[in-house]
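J.: Start from the sequences, fold in the hints, and give me the full structure.
Listed below are the residues making up each chain.
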Amino acid sequence: METTITAPQEAPQEGSGKNYLNQTKGILSWMFTLDHKRIGVMYLVGVMISLLLGGMFALLVRLNLWSPEGLLFSNQTYNEFFTLHGAVMVFLFVIPGIPGALGNFILPLMLGAKDVAFPRINLMSFWLWAIGLVFFMAVLMTGRIDTGWTFYTPYSVTSQGSVLWATMGAFILGFSSIFTGLNFIVTVHRMRPKGMGWFNMPLFVWAIYATAIIQVMSTPVLGITLLLLFVERAAGLGIFDPALGGDPVMFEHFFWFYSHPAVYIMILPAMAVQSELMATFSRKKVFGYTLVAYSSIAIAAFGFLVWGHHMFVSGQSQWAGIVFSTLTFSISIPSAIKVFNWLSTMYKGSVHLDTPMYYALAFLWMFTIGGLTGMFLGTMGADIHLHDTYFVVAHFHYVMVGSIMFAFFGGLHYWWPKMFGVMYNELAGKVAAGFMFVGFNVTFFPQFVMGTRGMPRRYATYLPEFQTMHQVSTVGAFILGTGVAIAVITLIYSLINGRKAPQNPWGGSTMEWETATPPITTNFITTPKVKPIYDHSPLVYNEATGNWDRIEEA
Amino acid sequence: MNLLFNPLIANLVAMAQGAPQVAEPLDASQTGTFWMPVEGSTLAPQTDWVFYYIFWISVIFTSLIVGVMIFFMLRYRHRKNWDGEKSASHGLLLEITWSVIPFLLTVVMWWKGLESYMYADVMPSNAIEIQVKARQWNWEFVYPNGLTTDELHIPKDEPVVFILSSADVIHSFWVPVWRVKKDVVPGRYNKTWVEATVAGKFNLFCTEYCGKDHSRMMASVIVHGTPEDMQAAEDRGQYLMGGFEQTYEDWYAVASKEFLAKYEGDTPAEIGEKVFNSKCIACHTIDGSASVGPTWKGLFGKTETLDDGSTVVVDENYVRESIYDPGAKLVEGFPALMTTYTGQVDDEELDGIIAYLKELAK
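Each protein sequence line maps, in turn, to chains A and B.
Using the working numbering, the letters of the first sequence map in sequence onto residues 453 to 1006.
Using the working numbering, the letters of the second sequence map in sequence onto residues 114 to 475.
Note that these hints are calculated values from the structure, not bench results.
What you are looking at is a predicted structure, and each value in this text was computed from that prediction instead of being measured.
It is possible that part of the hints are untrue.
[To be verified] Cut-off 25 Å, straight-line C-alpha distance, at most; resulting in silico cross-link-like pairs (SDA-like, lysine to any residue): (1) 882(A) x 180(B); (2) 325(B) x 651(A); (3) 269(B) x 224(B); (4) 246(B) x 702(A); (5) 325(B) x 511(A); (6) 471(B) x 696(A); (7) 325(B) x 508(A); (8) 325(B) x 923(A); (9) 800(A) x 231(B); (10) 199(B) x 651(A); (11) 442(B) x 592(A).
T.: Here you go:
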């Protein structure tokens, strides 16, 4: 029986060395590109800048909390910093990050497709994101905001500061999100190759698809809410401010109706990455594939029904609270199933502890803690004590940073060779992951204890009894920041001095690894044959080239 | 940037001077645990039960998951004599087991959480009612006879209902030792209640972000002990500490007498005049003549020009803002010398000032 090693998909007529990065030159060829890969790279640059900006605000916040009376800034300034930290991170990094930077690049490749369903809408999504960034820059330069990223009324109606710029920025970013979601839904439905049924797709695609459904269905509610807030503030129409005859609790309902599903927009793409990392670095099919796929859909669906768990002490009715608490528990089951299934994927696998796997293993640990601490908050009686305390802050950072940011870096380190054709320094990558892991836990674990003991959130000053724990947390934040800096520097350095990457350095079994490295503009010359999903057996490591060659039966 | 108000400078100066700590320490008669403060109410043991139930489940599951992860990571790592082995790709029985068992555990969480929440959220009858008035950035407590304080006093072992109202934005009423929390929402009344079981002096925090001095919006809570508690405290040498000095009844009688002597029989305008004479007369006049600040004669209802060129009508909200945040809308031609009266002018006095200004504008 003849076997052949599949060659990388380089377009012979384009000559060697031509890929999506250098196919055309000049800034306009990037600004007006229709290539999903270039759009993904532009998103990557943008969200990394946002991460660093949001991270800078975080360090300023933690620095000020070194002293109970505020080390450096006035209360007003501190309040602006924590607000901007939250708003920049949520709207400019976490929500668009993985779908925009990694999803855009990888999704069509995983489907053997040339591009997404609507390349022009894809470009528009990116420019809407960029305009949103400009609006937030305007916020920084015209008076900033101090309302918290949650914009609760009536404070956000009357507060000094650039609330109008911020709400419009978030409104525009919402459309970026909606169009991305629309694009991905149609791409998954219509652009799968022949032979790739729903249950033969990578789990990355399932989770991105579930994300897209939420993006399309929930984001318009945020848009309307922000528009109402804008109108109330600008024109004095009484909607949420009781002084104008409005209802502030109604704002909370409208806001959280989007913002709770939004956290599933944030976590599902991270789970998408996690599935891929666990499969490739255990060299095994994800355990319980079908249930993991359904869990993504279940999380998306139930996520729409639980928003009132942010409002147990707002004065909403007891019956509403009971319904929301009950439904909140329903989400814990699919999430737990995913964790157990990822864990089981390693059983009798061949575990390769490369840098992306470090991030994936850290994700398992920290998502477990983040998810379990959510149970405390979904339990009505416990939530009375824990709501609006540092316990909540710790919980959501374990999910947003410990899980989502780690998955983002894990995915980035995984697909970096494919995207840019270079390998980064593995040791530096692992050291960065280590700093991030240690720094993250030192920052946020003490915050659980602070919360239960009586430390409210969004406090610029605090009682001296909390000082030691605040200082420990601050030290952790700087360790975490150092880790992020090392990771970013390592990746950027690889662009300058990195070893040329082989076609498939990690032995991934999904279709994106069958393109050239970096891919040619049209991705594939011929669509690869669809194979059983997560079948790693045809991949054999080649010591000489560092590549995992795909051996095909003739 | 005014360096005098730069916190960094202030901190360095304070450190050099060996300045004292910011707030008084708690003096509860018991201590809490690593995670929780003292259980100071009938609600607290219920809250803590459900907290620790979830806590131990979390510890067990986290240890299991992380333990298995580390074991698999080491046992199945790729090396010379190990490159993976075929194993089942799914297992329905396993999936059902690890779904059903956690589900059953969560049913208990859900139920106990519901139970303790309903206990906290259904008001008892025959309780003392205290109005809690929140505003940026202080608390005011109004007792049945009109007595108004900025420290909350309640008796031990008796149900007390709090009627929460806000003058401006959303605040939240939280006493950690009681495990009691409820948002204070403008434009409506929210209620919560407590039956305190530990005497002493505790903290009340605002715990819904409400602007600049949200983190300074604290109040002291004095739970007055029984005569037996007072004797026990005296034996320990703690008898001068809040909650152990006198019974609630004694405190109430004395405080009411003092308060009503100060304010009884005064109309709001008379209250306002009294406040003017004690707090405002240094910089304002009532006869129209010039002084450090604008004259109060004819002021209410006037359209003032501000230092940035815009205009404002002097109404209730403007008066309130000028007293609590004097620099926000500064009248043209006057120096920015007025400091805030937050904590020094309360709701009743503010109502009085407004009434007095209206008199002077007639």
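J.: Indicate, hint by hint, whether the structure satisfies it.
T.: Right, here's what the structure says about each hint:
1. 882(A) x 180(B): This hinted pair holds, its Cα atoms lying about 21 Å apart.
2. 325(B) x 651(A): violated, 53 Å
3. 269(B) x 224(B): violated, 29 Å
4. 246(B) x 702(A): Given that 25 Å is the threshold and the Cα spacing comes to 22 Å, the pair holds.
5. 325(B) x 511(A): holds, 20 Å
6. 471(B) x 696(A): holds, 23 Å
7. 325(B) x 508(A): holds, 21 Å
8. 325(B) x 923(A): holds, 23 Å
9. 800(A) x 231(B): violated, 49 Å
10. 199(B) x 651(A): holds, 21 Å
11. 442(B) x 592(A): holds, 23 Å
Against the hints set out earlier in the document, violations occur for numbers 2, 3, 9.
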